[in-house]
Structure formats: structure tokens, C-alpha cells
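As you go down the protein sequences, you meet chains A and B in turn. Be aware that the first sequence starts at 1, since it is given in the numbering used here, and climbs by one per residue. Be aware that the second sequence starts at 1001, since it is given in the numbering used here, and climbs by one per residue.
Among the clues, some could well be false.
Derived contacts from chain A toward chain B, CB cut-off under 7 Å, selection only [to be verified]:
| id | residue |
| --- | --- |
| 1 | L33 |
| 2 | Y41 |
| 3 | H48 |
| 4 | E51 |
| 5 | F58 |
| 6 | L90 |
| 7 | Y93 |
| 8 | E125 |
| 9 | I130 |
| 10 | F148 |
| 11 | V170 |
| 12 | I172 |
| 13 | I176 |
| 14 | E180 |
Because the hints were derived from the structure by calculation, they are not lab data. Treat the numbers as computed from the prediction; the structure is a model and nothing was measured. The C-beta atom is built at its ideal place from N, Cα and C for all residues, glycine as well.
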Amino acid sequence: MSGAKENVEPASLDPAAKAELDRAFEELYRDHLKDVYSYAYYRVGNQHDAEDLTEQAFLQAYRHFDRARRESDGRPLRPWLIRIAHNLALNYYRDRSRRPQTPLEQADPIPARHGTEAIAEGREELRQVIAKLDDLPDDRRDALIMRFALGMDNREIARALGRSDGATKVLIHRAIKQLEEAMSDE
Amino acid sequence: MSDASEKLTGSTWDVERLLGDALRPMEPPERLSGRFEDTLSAVTQAAAEELSDWAEELSESELRALRDPRNWVRPVVAVSAGGIATGALLVLELRRRGRQQTKGRLGSAVERVGLR
């Protein structure tokens, strides 16, 4: 991931407004770092690229934060943040013309989160579901990551993906159905 | 896979439960926050410097432009064009008034000879 050093819009604000904006951004960063990182991690499949993606997402967010706050009308900014990460992830694959370097099933979260003992005790199905998730079309996979890793509801996912609530509900339903079928085919 | 298959209830997996277990939120590494703060402060610093350089360059170039006689042509052309347009409007207005006066005079003459 390229670490492009872009100009950031808030530098042009007066000092008091910038200080207030920075405080608000710090809060946003604190509240949603885990969300953005989790999304990035499950999206790109490895820690290194997930860190880069997270950093780039927050830099872009900072650049447009003032405007986003004004236009959000008090609505939560998490879908906007995840949408930035989502678009960056799309570019990331476009730039490198490839799927994740480390397939999700080989990534370290499962051992790290569940421990090797748990896996040895029959948690193989977790690996399997992650592997099948990786085979889903991008939009379905993204919706499931947002739902299960980030706990986003349909409306938030809809805003993050730029779809209607109804279309998002259908997308998630179909994603789960496809995953069930893929698991049953094993 | 045999262990997993044994956990099947009918032909359906409890995919939502599995997803909930598999996709736990990830804790970001601690170094990420420090790294982001460093990058952000470097970027904002660079942006601020660039902005002040740009402002200085702009005011200098504006002053130079004002001193350059080649840039005086445009205002002179604009003033001349404005003058011509004003003159044309005046001519049109005088003609209009002339026509109205003629018409007024004709009307009075018609009335006077009793043609109305």
C-alpha cells in the first residue's frame, strides 16, 4: 500500500476550529480504530497490509472529516469510515491485480483468537467457514465481515456499501445462503 | 473434515454462529496508533508549510503582475469596451426619445386638424 503524503484539508482552518476538529477526530479514531482495523484485516488477510490500509483510511478520513461531520447531520460516522476502507481495499486489489496475498484461511487470527488447543478440539469448521467466506463475491463477503466482525446493522452496512437497506438485507441473506450451501457441499 | 461433518444438523450448518466465532473483532497492534500519529503530524506539517509557501508565492506573483505593463492592456481594453457600450446605449436611448417626440408631435397635429 502506498503511503501517499497528501495535503490535508483541516490545515486551512483557523487554529481554534482546527483544535476542536482534531479533538473530535481523535475521539473518532479511538472509537473506531478496532472497527477499521478488523475490517481491513479480514478484507486483505494479513496484518501488514491491514495496518497500511487502516492508516490510509484514517488519513483520508482526516482530510474530509470537517465536511463529513457537517454533512452527517448527527448520524454515526462509522459507515463512512468503513466505506473509505472499503474503497481503499478495492483500489488495493486493483493496483496489485490480485486477491489477498495470504488467503484468509492461512492468516493468523484463528490460532491467535482461539488457540491451537481449540482448533485441535474440533474447531476446524471455523477454518472452513473462513475459507468459504473468502470464495464469496466481494460484496457478499464484505457485508458479512461488516455484520459479524464489526457488528454493524443492515442500515450501517447499506451506508457503507452505498446500497439501499432492502438491497443490503437481500445481499446478506444470499451471502449466508451461499455460505451454507458451500459448507454443505464439503 | 469428518469431525465437522458430524456436527451437522441435517444438511444445514449454523453458519451465523460459525461466522460470529470466526470473525471476532481484531485488536489493532499498539504500534499502529503511534505510527498513525507520526504520519498524521508529518502530513499536516507538510500541508501547513506548503500552504504558507503557496500564500507567499501568490502575493509576490500578484505584486509582480501589477507592476508589469503588459498586464495593463486588459484593464484598458475593458474600460474602452465599457465606454463603447455606454455610448451605444446613449445613442439608442436618444433615438428612442426622438421617435417618441416625433410620434407625439404627429399625434397633436392629427388632433389639431380634426382627423381623429
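Taking the hints in turn, this is what the structure says about them:
1. L33: holds (5 Å)
2. Y41: Hint holds; Y41 of chain A Cβ to chain B Cβ min 5 Å, cut 7 Å.
3. H48: violated (10 Å)
4. E51: holds (5 Å)
5. F58: holds (6 Å)
6. L90: Given a least distance of 20 Å, the restraint on L90 of chain A is violated.
7. Y93: violated (20 Å)
8. E125: With Cβ-Cβ at 4 Å, under 7 Å, it holds.
9. I130: This hint holds: I130 of chain A lies near chain B, its Cβ roughly 5 Å from the closest one there, short of 7 Å.
10. F148: holds (4 Å)
11. V170: Status violated, d = 16 Å.
12. I172: violated (10 Å)
13. I176: Hint holds; I176 of chain A Cβ to chain B Cβ min 6 Å, cut 7 Å.
14. E180: holds (5 Å)
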